[in-house]
Structures are given as C-alpha cells and as structure tokens.
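S.K.: When you get a sec, could you build the whole thing from the sequences and use the hints?
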Amino acid sequence: MAVTGVGDPKREGGAAGPRPSTAPPAIRLRGVVKTYDETTAVDGLDLEVPSGVCLGLLGPNGAGKSTTMRMLTAQTRATSGVIEVLGLPVPARAKRARALMGVVPQEDNLDEELSAKENLEVFARLYRVPRAERRAAVTRALEIAQLTEKSHIRADKLSGGMRRRLLIARGLVHRPRLVLLDEPTVGLDPQVRQELWSLIARLRDEGVTVLMSTHYIEEAERLADEVAIMSRGRVVARGVPADLIAAYAGSTAVEHLATPARRTEIERVARAHDVPTRRTGPAISILHAETLPADLAAVLDGTGVHRASTLEDVFVLLTGEDVG
Amino acid sequence: MTATAPEGVTRRFEWAALTGIWYRELTLYKRYWMPSTFAAIVEPVLYLLAFGFGLGSLVGAIGGYRYIDFLATGIVAMSVLFVSAFTALFATFVRRTFQHSYEAILAAPVDVHEVVTAEASWIAVRSAVYGCAPLLVALAFGLRPSWGMLLVPLIGLVTGMGFALWGIWMSALVPSINTMDYVITGVITPLFLVAGTFFPLSQFPSWIRHIAALNPLYHTVELVRHAATGWRPLADLGHLGALVLFCGIAWLAAVTAMRRRLID
Chain A
1 MAVTGVGDPK REGGAAGPRP STAPPAIRLR GVVKTYDETT AVDGLDLEVP SGVCLGLLGP
61 NGAGKSTTMR MLTAQTRATS GVIEVLGLPV PARAKRARAL MGVVPQEDNL DEELSAKENL
121 EVFARLYRVP RAERRAAVTR ALEIAQLTEK SHIRADKLSG GMRRRLLIAR GLVHRPRLVL
181 LDEPTVGLDP QVRQELWSLI ARLRDEGVTV LMSTHYIEEA ERLADEVAIM SRGRVVARGV
241 PADLIAAYAG STAVEHLATP ARRTEIERVA RAHDVPTRRT GPAISILHAE TLPADLAAVL
301 DGTGVHRAST LEDVFVLLTG EDVG
Chain B
1 MTATAPEGVT RRFEWAALTG IWYRELTLYK RYWMPSTFAA IVEPVLYLLA FGFGLGSLVG
61 AIGGYRYIDF LATGIVAMSV LFVSAFTALF ATFVRRTFQH SYEAILAAPV DVHEVVTAEA
121 SWIAVRSAVY GCAPLLVALA FGLRPSWGML LVPLIGLVTG MGFALWGIWM SALVPSINTM
181 DYVITGVITP LFLVAGTFFP LSQFPSWIRH IAALNPLYHT VELVRHAATG WRPLADLGHL
241 GALVLFCGIA WLAAVTAMRR RLID
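These protein sequence lines map, in sequence, to chains A and B.
Here our numbering is used: the first residue of the first sequence is 1, the next is one more, and so on.
Here our numbering is used: the first residue of the second sequence is 1, the next is one more, and so on.
Hints are computed from structural coordinates only; laboratory data are not their basis.
Cβ atoms here follow ideal geometry from the backbone N, Cα and C, with glycine treated the same way.
The following label-pair restraints were derived from C-beta to C-beta distances:
1) B:35 - A:148: 29 to 37 Å
2) A:112 - B:182: 27 to 35 Å
3) A:282 - B:177: 42 to 50 Å
4) B:174 - A:112: 17 to 25 Å
M.R.: Structure, rendered in structure tokens:
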C-alpha cells in the first residue's frame, strides 16, 4: 500500500538511496544560528537535503536537532541565516511550506479526547485536503496507522505504539512531499520500533523526502540514505553511513575489556600515535585497527577482540564521550 | 515531479484554517456539551431566581425597572462574561501548556492569529447562546417581550468575543494555572460587580462611575437593558463602539502574547 503516493512513475519500484535530481533541495539551511538568552542552540548550521532522500539527523540530546526541526516550520525563528523548504523561504512563506510538509513531533500532542478517526479528520481539514477527498484521505491514514479496526477508539485509550502510529499518520494525511520526523521511536518497545521503521522505509521508497532526527544510531543506519551528525548546534559530518564509518573509524575496531588503569594506558599510547579510541562502558575500542603499524599492534591489539567498526564509533568520536 | 514551489495562494487569513479549528472544537464539544451547558445555564438562572426573589421582594423597583427585569438583563451580561472569560482562560491555558494542541496545529498551515481568532469566535458563539437563558427565564416571569431582544445574542457575541480574547491574552500572560486566581478575583469579580448588574451605578460616587465607563461589561449591560426596554440610539451606538474597540485591543493583545508563547 502506498503511504503517501506522491511519487511519479520514475520513482516507483522502491529504489532506495539518493536519486539524481534536478529539483532544488527539499531543505536548505545556510549559516543558521539560533540563540536564546544565554545559550546558542544552533550555531552556524549548513544543511541541504536533496529531494527524495531520507536524511538522518544524528546527535546527542542538546545538539540542536529539535530546534532545527522547529525552524523548518517557523515555530522557532532563526536569529540569523537562510532557510528554504521546498524552495520556499522560511519564515516568509512558511505557511505554504507547511501545507506541503508533514510534521511528526517528538512529543505526543494528539487530541486525547478525540477518536483516532477524529484526530485525522481535524488535520485533514487543517492541511486543506479538499472536501471531496477527505474521507478517502482519512481512510488511507487509518490504514497507514493500522488503526482501521480501532478508528472509533479515543486516542487516550490507545497503546503507546498505536498512538505513535496515529501521530505519524496524522502528519501524512495530506500526502506531503516532505516529512519531518522528530525522534520517531523514542521510548518505544523494540517490536513497535520495527513496525515504525518499516513504515518510514515505505515512505522513503515512495520518494518522499524524509528528515528524521534521532539519537538511536541503529535507526539512522537502517533507514537513512545519508546521515548528518550534529554536535553543539552544527553539522560535524555528513555522508552515507558506510562512508562515514570508513572515513572516521576504519573497517575494524579492537575492543579491550580492561581495568581502568589498563584502559587509561591504552588510551595514552593510542593518543600518542594519533590513533582514535572510544570508550564503551568498561571497554575501550581502538578504531582504524586495520591500519595499525605492527609495533603498535603488538601493544594495542594483544588482548582485544576484533569487531567491525560501527556508526556508533563515529558518533561517539565526533560528538564527544562526555555529553553535557 | 511538479514544480518545487507551486504558487498556491496563501493568505494571512484563511477561511479553511478557521473552519478546521472550529471543526475540532465542535468535535470536542460533542463530548462535553452536557456538563458545560448545565453549568453555563443553571448558574446564572440560580442567581437570577435567588436575587430576584430574595432581593426583589425587598427592592421592588430600580431606576424605573422591576427589579427582576433589571437583574435579568444584568445577568445576561454576567453570564456571557463568565462563559467567555473562564473558558478562554482555562481551556486555552490547558491546551497550550498541557496538551500542546496549538503546537500541533501550528505545524499545519495555520498561524497564531488564526488560532486566536478561531478559538475566540467559537467561545463567543457559545457564550452568546448561553447568555440568552436568563432572558428566557425572565420572560417566563413576566418580562415584557420586545423586538430589541432579538439582538441580545448579537450583543452577547460581541461581548463574548471581547472577553474570550481578553481571557486568551491573560492565559498567555500568567506563569502558571494557580496565578489565574489573581485574574479571577482581581479582575473578573470587580468587572461584574461594578457594571450595573445587580444594582445601578448611580449608587456609586461619580469617580467610580467614570471608571465604570472603561468596563466593557458596563456597556454590555446597558445595551442588553435597552434592547429589552427601548433603545437610546445615540448612547447605544457609543456602547457598541466601546465593545468593538475592546475586541480590537484584546485581539491585538491576545495575538501578541500568544505568539510570544508559541513561537520562539
């Protein structure tokens, strides 16, 4: 079943990955800054999301992901910088831009007293779905949320997973060309997360542009064509997950489960030779292990366990081991 | 793919934004109309009956009116005030801070001024309808019907719009729901006591009467009373003008304060 059905024939067929496109980017942020009284939430952000791509915005809490999302709907106004959504300048033409995009907030703000169906009906109107198409749009959104059987149940009587699906379906009721998902699976059971992932993957396959913020590495790795890693209000790395891993963490990591003293020692030696490391609780990992010179390998490789490098290695390396 | 920036018409005020929010309110209202209608109608009627019989038997007539007629017209205004101001204060506050409903609506193509206008006008309609109840009761107790009374819902609508906007403004100013007590006791209570609802303002020293002219509810009371007993065209146009001005100022204040709360 089509989730939004925006795609033109060229794009059907479930091809994942960035598509060559002459269209202007779906999202363009240039030099965007947002400061509050004392703090700087977004600090010179440059980000372009090509049309039809699923971009994962990765970053620890407080990196500025949610602020960035809110700036795209003009619910947060940038202190400076240029923002364009679907070619429309924001905030100047934000209202038009909002009509073309769907927003799934991190915080559940469904109307609790309304049924699943009523929640969708209200937003079908707010999103200007023409009268003649409203009923079909609501039916389709209920199918997306897999709540057709429960359409008359009040939102506050639905389970956490159902509510989240309804929240996503609400943002899709008008078949948007761009969807903003802010931490779509935060706080949900693994089973429910799987379900939502397949929903998001379908969106992507249909050619809808998706910007998804998350701090779950696995989520970004599975769903995103590209990821942008944010730290302290700016993008510190951007690319296809595999490329980022290769560039920042190499192919192999060696993980040492060791005493604190031994960990500090390993870290010291590695640092002296410019070899990146990362801590994982009681363990320390040597990154780029495949490129260790023989003499160093003898010191750093001995007791460790080899494993493939991951996007999480890159994430921790770039956003710091101690998050605020 | 179609053009990336389709030139859809986007106006500052869009009817679809207003009807969308009204539809939401109507759908919610279907769930709670019974208790809210009970409260909105029974309370002013109780006031009317209690004061009308209790005090009316002692007072008899005030300023040329039978006391119950004087009182009923005053209570129409009070009822409109209570329904519009309390609903706006509490419902708007709860939706903004606890339910985050406006957050969701503003992610759709709806702007703050449309949210404020739609919410206030919905509340205004309810308060105008409920406000007629005391008048109907008074009619049953012998108030003479007049054609002017047909305009009472309209007076209620303008008044309700003003106080709903005022309530939305206050709900955006108060830091917490407890702070509402200052607004209720400090503003609403004096407003409805010093408006000529239960007793004529002529009993007060002249400086209070001058201040009372700044009270929008005073103008409502005068209009409703004249609607029931005979228009005084020039004065009544002035009263209506005062209410419309009140709406305008409250709209600006409510939109500004809500924008500050919802858009950062």
